[in-house]
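2 protein chains.
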Amino acid sequence: MRVALDAMGGDFAPVNPVAGAVQALREYSDFSVALVGDESKVRAEIAKHDIRGFEDRIAYVHASQVVDMNDSGLDSVRRKKDSSISRAVDLVKAGQADAVVSAGHTGALVAAATIKLRTLPGIRRAGLAVLVPTPTVGYLLIDAGANIDPSPEDIVGYAVMGTIYTREILGRPNPRVGLMSIGTEESKGNDFTLECFRLLKPAPINFVGNVEGHGLFSKPVDVVVTDGFIGNILLKTVEGLSSSIFAWLKSELKKSPVRMLGAWLSRGAFYAIRGQINTEEYGGTPLLGINGICIKSHGNATPKTIKNAIRVARELVAQKVNARIVEAITQSHEEIAAH
Amino acid sequence: MRVALDAMGGDFAPVNPVAGAVQALREYSDFSVALVGDESKVRAEIAKHDIRGFEDRIAYVHASQVVDMNDSGLDSVRRKKDSSISRAVDLVKAGQADAVVSAGHTGALVAAATIKLRTLPGIRRAGLAVLVPTPTVGYLLIDAGANIDPSPEDIVGYAVMGTIYTREILGRPNPRVGLMSIGTEESKGNDFTLECFRLLKPAPINFVGNVEGHGLFSKPVDVVVTDGFIGNILLKTVEGLSSSIFAWLKSELKKSPVRMLGAWLSRGAFYAIRGQINTEEYGGTPLLGINGICIKSHGNATPKTIKNAIRVARELVAQKVNARIVEAITQSHEEIAAH
Chain A
170 MRVALDAMGG
180 DFAPVNPVAG
190 AVQALREYSD
200 FSVALVGDES
210 KVRAEIAKHD
220 IRGFEDRIAY
230 VHASQVVDMN
240 DSGLDSVRRK
250 KDSSISRAVD
260 LVKAGQADAV
270 VSAGHTGALV
280 AAATIKLRTL
290 PGIRRAGLAV
300 LVPTPTVGYL
310 LIDAGANIDP
320 SPEDIVGYAV
330 MGTIYTREIL
340 GRPNPRVGLM
350 SIGTEESKGN
360 DFTLECFRLL
370 KPAPINFVGN
380 VEGHGLFSKP
390 VDVVVTDGFI
400 GNILLKTVEG
410 LSSSIFAWLK
420 SELKKSPVRM
430 LGAWLSRGAF
440 YAIRGQINTE
450 EYGGTPLLGI
460 NGICIKSHGN
470 ATPKTIKNAI
480 RVARELVAQK
490 VNARIVEAIT
500 QSHEEIAAH
Chain B
170 MRVALDAMGG
180 DFAPVNPVAG
190 AVQALREYSD
200 FSVALVGDES
210 KVRAEIAKHD
220 IRGFEDRIAY
230 VHASQVVDMN
240 DSGLDSVRRK
250 KDSSISRAVD
260 LVKAGQADAV
270 VSAGHTGALV
280 AAATIKLRTL
290 PGIRRAGLAV
300 LVPTPTVGYL
310 LIDAGANIDP
320 SPEDIVGYAV
330 MGTIYTREIL
340 GRPNPRVGLM
350 SIGTEESKGN
360 DFTLECFRLL
370 KPAPINFVGN
380 VEGHGLFSKP
390 VDVVVTDGFI
400 GNILLKTVEG
410 LSSSIFAWLK
420 SELKKSPVRM
430 LGAWLSRGAF
440 YAIRGQINTE
450 EYGGTPLLGI
460 NGICIKSHGN
470 ATPKTIKNAI
480 RVARELVAQK
490 VNARIVEAIT
500 QSHEEIAAH
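Each protein sequence line maps, in turn, to chains A and B. In terms of the numbering used here, the first sequence opens at residue 170 and continues consecutively. In terms of the numbering used here, the second sequence opens at residue 170 and continues consecutively.
You may find that some hints are simply not true.
[What the hints assert, rightly or not] These stretches of chain B come out as covered by chain A in the derived footprint (C-beta under 8 angstroms, 3 or more residues):
#	segment
1	311 to 325
2	380 to 393
3	492 to 505
No wet-lab data here; the hints were simulated from the structure. Since this is a predicted model, take the numbers as computed values, not measurements. Backbone N, C-alpha and C fix where the C-beta goes; we use that ideal spot for every residue, glycine too.
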């Protein structure tokens, strides 16, 4: 198995992607990596690591350009043909890699993957599937921002793909799927979500109806489907609010020596939560629906994040998730049509 | 000044509304209250309080029906003409009250207010304006769920109304207004938000551009405008996540005697945050844009919440907020038209 890694993607590239690749190569023996990016910079980074024993599992693919945050995703595919993201996706297209991993520009990865690899049969729009942590097991949010203007049929696709991913990769037997809305009753929502609800009911998934913001945490489902506009706002709000609350608590805990002592004594509680909401562990967000395996890692990815993103890519390839999605989508189209 | 209070609204009615009214009557001497609801139940509740000194400031207005959570907001106005919400709004319409306060069904209050009192000149859709707490001063989210399908012009109305409210009632000199979107750049968003952006730029407000989920907490603005569908999802998510994090922390802190001791020593930090995010203090959410003062209080309102909702209603009446909104909206229409 071969993973194409965008070595120039993310806020700490090429340092963290290269270090993450080395960690993954050391930990998992079943894959090789193509480091895609400015070859001299990437080799200089590799030189800092001890790669004895697995140097033959590293290939270098030069790419002279980098997509930066000011680029538009779609334009970058046309104008920066030699970007590390585009070249990494090209490797998958040419059959020279089984999966692509990038911590770079989300829009550029979505556009390059959609244009070059196309979507799976029966899927019109890909969706980013993020695992959002909660005190219990967390839920998969799809779409977290790949497409801001999906159709209700695309939402059904997200529900089916989210179900397959949650079952096959996260190991939950019969994933409960909820539709993001403004009330739990079937009648609540806007025209778009009402039509989504109508289509989700006959789909061969465990659809449990609408979920609200409160319900994301108090009555958790396994998969939450929504359009990429709302999904992106939600994801960033959840991330922003979580860090804000902990930063707030930290500043309050530092206000007196007694509070500081108390915080020190109870530090285990904070570590336990930090461990569970740590995005490093999840590593990457699959872009589901693409005819190829694409993993988006967080822009501030650490080496450990990248290592785990590579782990997720390996699992998706090994579990043949795309073949299972195609099978389930075909069945879904048949059941909705028969309804 | 006279406030019409829906004595049957909320999860703990008539107990909490009546107790809150009594607290407000004791604390503020400049208003009287009309308690609207099942008169015998309301009088039985009043009998539990010592109202000597202000009993002549309490009127009882009987209403035989209550809107419950299974009713549709719009239908409730037509079918439950004698509901406590409808009767309370009727008092404002008839000039027998200056403001209405309800902890009951949001949709029913929005529908009754919009149909019976109409919107202000220049405003087509009312918006619920919720103050969301943050470690700094918090921001006003408008619309938090009054209308799920506004036009871009309605969003400009929310921006203008939010500015007036934040300046006049919250006392912030030059409120910064942000548009909820998926990227801070002007080019980021969907067709709807791009059009909102175009209209907000020439409006006579301090428009600072798009805000993202992260930015709500790290680079706070004073007013965040969005449609009622996204606003409602956002508000419930923020509420749900905040309580979920604190509940999670509590359960972790209870796992060992040492952690419990630590939590006890540092309890001041938790109390400080709880004090600031306590919705009781804000009391109620104004429904801005209605030709009349309407305050929606949380369904789980305590007596203190209701007291504070009445305080907010009094301030809105005293500050002549609606006259200022009409003035600002006229100016806004002129500037956008000239642009």
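Verification of the supplied hints:
Requiring three or more residues with a Cβ within less than 8 angstroms of a Cβ of chain A, the coverage given for the segment 311 to 325 of chain B holds, as 3 such residues are present. For the segment 380 to 393 of chain B, the proposed coverage by chain A is satisfied: 7 residues have a C-beta within less than 8 angstroms of a C-beta in that chain, meeting the threshold of three. Under the rule that three or more residues need a Cβ within less than 8 angstroms of chain A, the assignment of the segment 492 to 505 of chain B is violated, with 0 such residues.
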